[in-house]
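K.L.:
The residues making up each chain are set out below.
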Amino acid sequence: MQRAEQRDEVEMLALMLLIRRFEERASQQYQAQKIGGFCHLYIGQEAVVVGAVAAVRDDDYIITAYRDHGHALARGTSANACMAELFGRETGCSRGLGGSMHFFNRQNHMYGGHAIVGAHVPLAVGLAFAIKYRGEDRVTLCFFGDGAINQGAFHEALNLAALYKLPIVFICENNLFAMGTSVKRSTSLKQIVDRAEGYDIPGEIVDGMNFREVRDKIAEIVSSIRKEPHPAFVEVRTYRYRGHSMSDPASYRTKQELEKYRLDDPITRLRAQLTREGKLTNEQFDQLDKKAKETVLASVKFAEKSPQPPLDKLYDYTYANGAGEAGVSPVKSNGLAADIAATE
Amino acid sequence: MREITYRQALNEALAEELERDPNVFLMGEEVAEYNGAYKVSQGLLDRFGPRRIIDTPISENGFAGLGVGAAMVGLRPIIEFMTFSFSLVAFDQVVNNAPNMFTMSGGQFNIPITFRGPNGPAHQLGATHSHATEPLYANAPGLKVCTPATPRDAKGLLKTAVRDNNPVLVLEAELLYSSKGMVEPPDEELLIPLGQAEIKREGSDVSIICYSQTVPLALATAQKLEDEDISAEIVDLRSIKPLDEKAIFDSVAKTHRVVIVEQDCPFCGVGAEVCYRIQQNIFDELDAPIIRVSQEDVPMPYNERLEKAVLPNADKVIAAVKKVCYA
Chain A
0 MQRAEQRDEV
10 EMLALMLLIR
20 RFEERASQQY
30 QAQKIGGFCH
40 LYIGQEAVVV
50 GAVAAVRDDD
60 YIITAYRDHG
70 HALARGTSAN
80 ACMAELFGRE
90 TGCSRGLGGS
100 MHFFNRQNHM
110 YGGHAIVGAH
120 VPLAVGLAFA
130 IKYRGEDRVT
140 LCFFGDGAIN
150 QGAFHEALNL
160 AALYKLPIVF
170 ICENNLFAMG
180 TSVKRSTSLK
190 QIVDRAEGYD
200 IPGEIVDGMN
210 FREVRDKIAE
220 IVSSIRKEPH
230 PAFVEVRTYR
240 YRGHSMSDPA
250 SYRTKQELEK
260 YRLDDPITRL
270 RAQLTREGKL
280 TNEQFDQLDK
290 KAKETVLASV
300 KFAEKSPQPP
310 LDKLYDYTYA
320 NGAGEAGVSP
330 VKSNGLAADI
340 AATE
Chain B
0 MREITYRQAL
10 NEALAEELER
20 DPNVFLMGEE
30 VAEYNGAYKV
40 SQGLLDRFGP
50 RRIIDTPISE
60 NGFAGLGVGA
70 AMVGLRPIIE
80 FMTFSFSLVA
90 FDQVVNNAPN
100 MFTMSGGQFN
110 IPITFRGPNG
120 PAHQLGATHS
130 HATEPLYANA
140 PGLKVCTPAT
150 PRDAKGLLKT
160 AVRDNNPVLV
170 LEAELLYSSK
180 GMVEPPDEEL
190 LIPLGQAEIK
200 REGSDVSIIC
210 YSQTVPLALA
220 TAQKLEDEDI
230 SAEIVDLRSI
240 KPLDEKAIFD
250 SVAKTHRVVI
260 VEQDCPFCGV
270 GAEVCYRIQQ
280 NIFDELDAPI
290 IRVSQEDVPM
300 PYNERLEKAV
310 LPNADKVIAA
320 VKKVCYA
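Keeping their order, the protein sequence lines are chains A and B.
Going by numbering that gives the first Met the number 0, the residue at position 270 of the first sequence is 269; the numbering climbs one at a time, nothing skipped.
Going by numbering that gives the first Met the number 0, the residue at position 199 of the second sequence is 198; the numbering climbs one at a time, nothing skipped.
To be clear, the hints were calculated from the coordinates, so they are not data collected in a lab.
Given the structure is predicted, the values throughout are model-derived calculations rather than measurements.
Even for Gly, the Cβ is constructed at its ideal location relative to N, Cα and C.
One or more of the hints may lead you astray.
[What the hints assert, rightly or not] Ranges between beta-carbon positions, derived for each pair:
1. B:Gly48 <-> A:Tyr314: 23 to 33 Å
2. B:Pro192 <-> A:Gly151: 29 to 39 Å
3. A:Gly151 <-> B:Leu305: 55 to 65 Å
4. B:Pro192 <-> A:Pro201: 42 to 52 Å
5. A:Gly151 <-> B:Asp20: 27 to 37 Å
6. B:Gly73 <-> A:Glu227: 37 to 47 Å
7. A:Glu135 <-> B:Pro192: 33 to 43 Å
8. B:Glu183 <-> A:Pro309: 37 to 47 Å
9. B:Ala287 <-> A:Gln106: 30 to 40 Å
10. B:Tyr301 <-> A:Asp57: 34 to 44 Å
11. A:Glu293 <-> B:Pro192: 49 to 59 Å
12. A:Tyr251 <-> B:Pro288: 25 to 35 Å
[Stated by the list, open to error] Below, simulated DMTMM-like cross-link-like pairs (lysine to aspartate or glutamate); rule was C-alpha separation at most 20 Å, straight line:
13. A:Lys164 <-> B:Asp54
14. A:Lys164 <-> B:Glu201
15. B:Lys38 <-> B:Glu18
16. A:Lys226 <-> A:Asp58
17. A:Lys164 <-> A:Asp206
18. B:Lys223 <-> B:Glu201
19. A:Lys131 <-> B:Asp20
20. A:Lys131 <-> B:Asp54
[To be verified] From the derived model, a few chain B residues whose C-beta atoms are all more than 10 Å from chain A:
21. Glu28
22. Ala121
23. Ala126
24. Arg304
25. Val309
Extracted from the complex, chain A is given alone in its bound form (with noise of 0.2 Å):
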């Protein structure tokens, strides 16, 4: 198991550049209509996630909302199967039944991937009950929008995390709009982090756009609660460059502000450190670029080489014993899922 103060900086910029890159390729691939539905990029965010599980254990469990394609990747799975589930294969990291909203990958501990704003917050909390039932040190990790705390599910789980004592960290991702309502429209706080305050959870607020202060500050957060459970806030202020999805032009907010942001931008600051204190040059740094834009590259064509689910699985992945469960019948209309098959 890899410990958080043993990963290695240079590694942790290479994986920013691979959201940074992959979050590109994705956009351009959406406008090619090669990817369907809604998709959230996380352009501008990528210190949050890559910070935060640099601090944890690979076993510690992580969990968001939609804007998930980051930390699929933060958490090691591929950007094949990232790819390949943007465009709804079956080698996609939800073989295809998910989609942008829905990435799961349990055996690295990435409980998804939820669209529904605030209802994972309650999921989180449930894992880390399953953490203290069980005797277990992992802790987890909750990430959510600056949308989600105007939620009863949000407010229902922060309480009652406190009042179980439960091994959780809520990481606020204030990007400052929930799709187009900036936060000052939309709560009643003069900031974030005082939600906390309200169930006895203590908060922090962190600069999202600097990978080592997120870093440090989780990491410090989870050894105290490795040591003793209770739940953590921490407010991350951060910044997406793209609108809320693909579809929006984010007119709510103006050029200055995108580029305040953008000459605070989290890669280049993490480069800026490295290269000053001698652990990076240009060169590695080019390389590093240049793997990143490989691997999406080859990630596209995997996903489109790659086939779409069967037709004939349409029903295994309703019920946990696959189509076969004995007992169910499903209602199967008629079998009119058969005759499309017949007619493609």
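For chain A, the structure is supplied; the task is to place chain B on it using the hints.
P.N.:
Only chain B this time, still in chain A's reference frame:
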């Protein structure tokens, strides 16, 4: 066999499953220190301790979701709703998270969770506390829904639900908690498969298809019909989903006449599905159009006389039976 109440039967089922599998825990409002709002969990806190019998605040969405999350990593939660009318506050967790997870994750996460509690109209509780939620939940792919009407079925179905690897709703009958029935002795394992109806009374003239609180009503009505020389067969569905088509079709092939007595509201109700499947599959067996007896299509009034008028009753069932029998 010995006679116990429906409440005791559920209590035995919970205790046996808690005893058998350390991954099973019971969570809900008043389940622990209060011993259950309807005393179904009586004594379980003393026996299994606060780690496994867990009181919650009034946060149905929160603790239902907690259960789903715990089930993702292999625990087998039993989530009690004080009544299924309150489950509507947790609808998102029960309908959007529990049954969708297996599909959305491409088969990586099944959710072995049991949601249970009293369901259906009780007595003068008014519109908010009288919901029969079975058609709402049966409509969601990925859920299973069962509706025990007797102590034996309550015990056997609840135990099966807890062992199922999918989200299962055990919709108990609020009015039947104190009813009694014969059940196998505690040292005899009682598991009743989901999706198996039971003929609660054999008959030859008409099939009365019912479930949950309408089963005792149908049985009592069958006695009265006997006086009029009409022999009614009582088909207790026991599970709404999966639905035991074969038991239904076999009975209809025998009697050729069908009355469906359901405890829910009529529009898109359970009876609509049963009716569809009969005409789709064994149309030629029918000698008369099927009649459904359900609640009236109104929010439940408090007034006792009006409430009685809304619910299925013997008079309505007898009238329906006579109509399908052209009697």
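K.L.:
All the hints need checking, so say for each whether the structure fits it.
P.N.:
These are the hints, each one checked on the structure:
B:Gly48 and A:Tyr314 have their C-beta atoms about 41 Å apart, which leaves the hinted 23 to 33 Å range violated. In this structure the hint that B:Pro192 and A:Gly151 lie 29 to 39 Å apart at CB holds, the actual value being about 37 Å. Distance hint check: the CB atoms of A:Gly151 and B:Leu305 are about 33 Å apart, inconsistent with the given range 55 to 65 Å. For the pair B:Pro192 and A:Pro201, the beta carbons lie near 49 Å from each other, so the given range of 42 to 52 Å is met.
For the hinted restraint 27 to 37 Å between A:Gly151 and B:Asp20, the CB-CB distance of approximately 32 Å keeps it satisfied. The hint said 37 to 47 Å for the Cβ distance between B:Gly73 and A:Glu227, and at roughly 25 Å that hint is violated. Between A:Glu135 and B:Pro192 the CB atoms are about 35 Å apart, so this pair conforms to the stated range of 33 to 43 Å. Our hint of 37 to 47 Å for B:Glu183 and A:Pro309 holds, since their Cβ atoms are close to 44 Å apart.
Between B:Ala287 and A:Gln106 the Cβ separation comes to about 58 Å, which falls outside the hinted range of 30 to 40 Å. Separated by about 57 Å at the C-beta atoms, B:Tyr301 and A:Asp57 break the suggested range of 34 to 44 Å. For A:Glu293 paired with B:Pro192, a C-beta distance near 54 Å keeps the hint of 49 to 59 Å intact. Checked against the hint of 25 to 35 Å, the pair A:Tyr251 and B:Pro288 fails, with Cβ atoms roughly 58 Å apart.
Our distance criterion of 20 Å between C-alpha atoms is met by A:Lys164 and B:Asp54, whose separation comes to about 14 Å. Restraint check for A:Lys164 and B:Glu201: not satisfied, since their Cα atoms lie roughly 55 Å apart, outside the 20 Å limit. For the proposed pair B:Lys38 and B:Glu18, the alpha carbon gap of about 19 Å is at most 20 Å, so the pair holds. Taking the CA atoms of A:Lys226 and A:Asp58, the gap is about 17 Å. The hint holds against a cut of 20 Å.
Of the supplied pair hints, the one linking A:Lys164 and A:Asp206 is violated, its CA atoms being roughly 26 Å apart against a limit of 20 Å. At most 20 Å may separate the alpha-carbon atoms for a hinted pair to count; B:Lys223 and B:Glu201 meet this at roughly 15 Å. With a C-alpha separation of about 17 Å, the suggested pairing of A:Lys131 with B:Asp20 holds against the 20 Å cut-off. For the given pair, A:Lys131 sits about 16 Å from B:Asp54 by alpha-carbon distance, which is consistent with the 20 Å threshold.
Distance to chain A confirms B:Glu28 as a non-interface residue, since its nearest Cβ pair spans about 12 Å, more than 10 Å. With a cut of 10 Å on Cβ distances, B:Ala121 stays outside the contact zone with chain A, its closest approach being about 26 Å. Under the 10 Å C-beta cut-off, the non-interface status given to B:Ala126 relative to chain A holds; the minimum distance is some 22 Å. Interface exclusion of B:Arg304 from chain A stands, the closest Cβ pair being 37 Å apart, more than 10 Å.
The non-interface label for B:Val309 is consistent with chain A: the shortest C-beta to C-beta separation is roughly 29 Å, beyond 10 Å.
Hint compliance for this structure: hints 1, 3, 6, 9, 10, 12, 14 and 17 are not met, and every other hint is.
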